[in-house]
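Peer 1: Chains W, C, X and S are the protein sequences, given in the same order.
In terms of the numbering used here, the first sequence opens at residue 1 and continues consecutively.
In terms of the numbering used here, the second sequence opens at residue 1 and continues consecutively.
In terms of the numbering used here, the third sequence opens at residue 1 and continues consecutively.
In terms of the numbering used here, the fourth sequence opens at residue 1 and continues consecutively.
Simulated from the structure, these hints should not be mistaken for laboratory data.
It is possible that some hints are incorrect.
Capping the alpha-carbon separation at 30 Å, the derived lysine-lysine pairs in DSSO-like fashion look like this [to be verified]: (1) LYS108(X) / LYS74(X); (2) LYS139(W) / LYS76(S); (3) LYS48(S) / LYS76(S); (4) LYS12(C) / LYS67(C); (5) LYS62(W) / LYS23(X); (6) LYS44(X) / LYS73(X); (7) LYS67(C) / LYS76(S); (8) LYS48(X) / LYS12(C); (9) LYS140(C) / LYS74(C); (10) LYS115(X) / LYS74(X); (11) LYS67(W) / LYS24(S); (12) LYS67(C) / LYS18(W); (13) LYS62(W) / LYS24(S); (14) LYS48(X) / LYS108(X); (15) LYS12(W) / LYS44(X); (16) LYS62(W) / LYS73(S); (17) LYS24(S) / LYS76(S).
Some chain C residues well away from chain S (every beta-carbon gap over 12 Å; in silico) [what the hints assert, rightly or not]: (18) GLY7; (19) HIS22; (20) GLU26; (21) HIS27; (22) LYS74; (23) LYS85; (24) HIS104.
Far from chain W, some chain C residues (derived; all Cβ distances over 12 Å) [as the list claims (entries may be wrong)]: (25) LEU29; (26) LYS62; (27) PHE81; (28) THR121.
Nothing here was measured: the structure is a model prediction, and the numbers come from that model.
Glycine included, every Cβ here is placed at the ideal spot set by N, Cα and C.
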Amino acid sequence: MVEATWGWNLHKEIPSSKDAAHEVIEHLLRAASDAGWEGRDFFHIQMAIEEALVNAVTHGNKESPDKVVELEFKVTAETVFMRIKDQGAGFCPDKLPDPRDDDHLECTNGRGVMLIREMMTQVQYNDIGNEVIMVKQRKKG
Amino acid sequence: MVEATWGWNLHKEIPSSKDAAHEVIEHLLRAASDAGWEGRDFFHIQMAIEEALVNAVTHGNKESPDKVVELEFKVTAETVFMRIKDQGAGFCPDKLPDPRDDDHLECTNGRGVMLIREMMTQVQYNDIGNEVIMVKQRKKG
Amino acid sequence: MIDRRRMVVARIGELAIVRFTDKKIVDSANIEEMGDEMFSLVDKEHIKHVLLNFHGVEFLSSAALNKLILMDKKIKAVGGILRICELTEDILQVFIITRLNRVFDIRKTEAEGLKAFGASS
Amino acid sequence: MIDRRRMVVARIGELAIVRFTDKKIVDSANIEEMGDEMFSLVDKEHIKHVLLNFHGVEFLSSAALNKLILMDKKIKAVGGILRICELTEDILQVFIITRLNRVFDIRKTEAEGLKAFGASS
Ligand SMILES: Nc1ncnc2c1ncn2[C@@H]1O[C@H](COP(=O)(O)OP(=O)(O)O)[C@@H](O)[C@H]1O
Ligand SMILES: Nc1ncnc2c1ncn2[C@@H]1O[C@H](COP(=O)(O)OP(=O)(O)O)[C@@H](O)[C@H]1O
Chain W
1 MVEATWGWNL
11 HKEIPSSKDA
21 AHEVIEHLLR
31 AASDAGWEGR
41 DFFHIQMAIE
51 EALVNAVTHG
61 NKESPDKVVE
71 LEFKVTAETV
81 FMRIKDQGAG
91 FCPDKLPDPR
101 DDDHLECTNG
111 RGVMLIREMM
121 TQVQYNDIGN
131 EVIMVKQRKK
141 G
Chain C
1 MVEATWGWNL
11 HKEIPSSKDA
21 AHEVIEHLLR
31 AASDAGWEGR
41 DFFHIQMAIE
51 EALVNAVTHG
61 NKESPDKVVE
71 LEFKVTAETV
81 FMRIKDQGAG
91 FCPDKLPDPR
101 DDDHLECTNG
111 RGVMLIREMM
121 TQVQYNDIGN
131 EVIMVKQRKK
141 G
Chain X
1 MIDRRRMVVA
11 RIGELAIVRF
21 TDKKIVDSAN
31 IEEMGDEMFS
41 LVDKEHIKHV
51 LLNFHGVEFL
61 SSAALNKLIL
71 MDKKIKAVGG
81 ILRICELTED
91 ILQVFIITRL
101 NRVFDIRKTE
111 AEGLKAFGAS
121 S
Chain S
1 MIDRRRMVVA
11 RIGELAIVRF
21 TDKKIVDSAN
31 IEEMGDEMFS
41 LVDKEHIKHV
51 LLNFHGVEFL
61 SSAALNKLIL
71 MDKKIKAVGG
81 ILRICELTED
91 ILQVFIITRL
101 NRVFDIRKTE
111 AEGLKAFGAS
121 S
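Taking the hints into account, I'd like the entire structure generated from these sequences.
Peer 2: Spelled out as structure tokens, the structure:
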């Protein structure tokens, strides 16, 4: 059974606050660390979850007390799977300006989604843009 | 004296909430209406102040209770001047993707700044992007 | 009966005709309610087609446009059609400036909107 | 004495050396405080040049990068220079991925940073 290979799972809803986000991020990171993730890969997981969850809470749910963020995490020694869904209006992740363009270098926003894409093995937004699935696969060798 | 031509002035700070924003918008619109603004020009003023002030409160100050938005309005029969400054990190208004591009048409964000630009006679952001000056000049004739 | 505060809904089978209660639809607490009430037509009440009648709405901001786009996506996802009618001249101009008149099927009157659905009131 | 919670500052005339107290600089309440404390060096304490020493900082998110860019603009506006030192390998990689290594003058050690300012500790 494929399911049996997933070591640590979490599926829950959290309120739309940065504090709640950072609390659950700590749980995830502890689980990842327990599963043997470290070094740059660990750093990348931390960056991706930080950026995606803060986006869900702020841009998506606009920190509304009436909205929740749905989370699904699965952690093994080989793979970290993170699904984050907010109740906001979404956005167009493919249409963002590239923050690495010379003209954008000094912009004070717009790097989160790019960093997620650079640091994860696989990133998939849904049609509307209010859900993202991020997967980090351990490098072979 | 040039100053004497300004009929209604307001210079104040408001808290970073949408409610406070909409309250002051009502004041401005009443003053504009009293000064004889109506029809499409009035609609355009309403759109510009709504978009700019909501941006200042949400994107700029992120609705922080510790931050304020500084407002300066000057209304005469000929001109409406609006200056809005938030205490956020700013952004790059010239680098936004054009929401009118075919690929962006169904995006659920990113139309506010474009609408302001289309509807005002003059729009000027400061270097950092946390202050905007918008002017509407009555059409001649 | 469903308790709605931001809109009044008339149902004809799978078609809903929606009228808004606010004169201004802007980015305030109300707009979330407006969005939620609109989306629940599709998500919970199994409505497939919607005619939004903006009679009496004098102003809307980009936040309202975003809700309409999301509604359009929801309706398309269930194979339905969203139509819009009774826009003021000023609001119609907003749809033209944003080119959203290419996304939405905009009709002048409710009767014309209904006719496009093959229904009548 | 100025009460600072997110950083420790050593002053050498118009130059300030800043060390951060948090191991992680992320988009939380602390980051606003961090930004405000950093900006007040320029806005209120008439510091012109700043060396940010990231010793002990293990993680920072894009929200922190945004604060650094704003700080850089503030310092440039008063004719000063911002330099950065003691980044971990992982954080340095973030500067490289974002190409912000082209915006900031990044030095390996505090001594090298100070030397670039023509100062020594
Ligand atoms: N979950 C989300 N819901 C709605 N909009 C989002 C979401 N995530 C990102 N965005 C949009 O994408 C833009 C870019 O996001 P990002 O790259 O993280 O940079 P930043 O958050 O600094 O603006 C945001 O400004 C926002 O408009
Ligand atoms: N005052 C501001 N401070 C910081 N960022 C802003 C401000 N105003 C606008 N922005 C940025 O510009 C983007 C585009 O704004 P806008 O065109 O109004 O569309 P929307 O608000 O729907 O995203 C916003 O997503 C935000 O990242």
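Peer 1: For each hint, tell me whether it holds in the structure or not.
Peer 2: Checked hints:
no., hint, in the structure
1, LYS108(X) / LYS74(X), "holds (23 Å)"
2, LYS139(W) / LYS76(S), "violated (42 Å)"
3, LYS48(S) / LYS76(S), "holds (9 Å)"
4, LYS12(C) / LYS67(C), "holds (13 Å)"
5, LYS62(W) / LYS23(X), "holds (24 Å)"
6, LYS44(X) / LYS73(X), "holds (16 Å)"
7, LYS67(C) / LYS76(S), "holds (24 Å)"
8, LYS48(X) / LYS12(C), "violated (48 Å)"
9, LYS140(C) / LYS74(C), "holds (19 Å)"
10, LYS115(X) / LYS74(X), "holds (22 Å)"
11, LYS67(W) / LYS24(S), "holds (27 Å)"
12, LYS67(C) / LYS18(W), "holds (17 Å)"
13, LYS62(W) / LYS24(S), "holds (23 Å)"
14, LYS48(X) / LYS108(X), "holds (21 Å)"
15, LYS12(W) / LYS44(X), "holds (22 Å)"
16, LYS62(W) / LYS73(S), "holds (28 Å)"
17, LYS24(S) / LYS76(S), "holds (26 Å)"
18, GLY7, "holds (35 Å)"
19, HIS22, "holds (24 Å)"
20, GLU26, "holds (30 Å)"
21, HIS27, "holds (29 Å)"
22, LYS74, "holds (27 Å)"
23, LYS85, "holds (15 Å)"
24, HIS104, "holds (22 Å)"
25, LEU29, "holds (24 Å)"
26, LYS62, "violated (7 Å)"
27, PHE81, "holds (26 Å)"
28, THR121, "holds (26 Å)"
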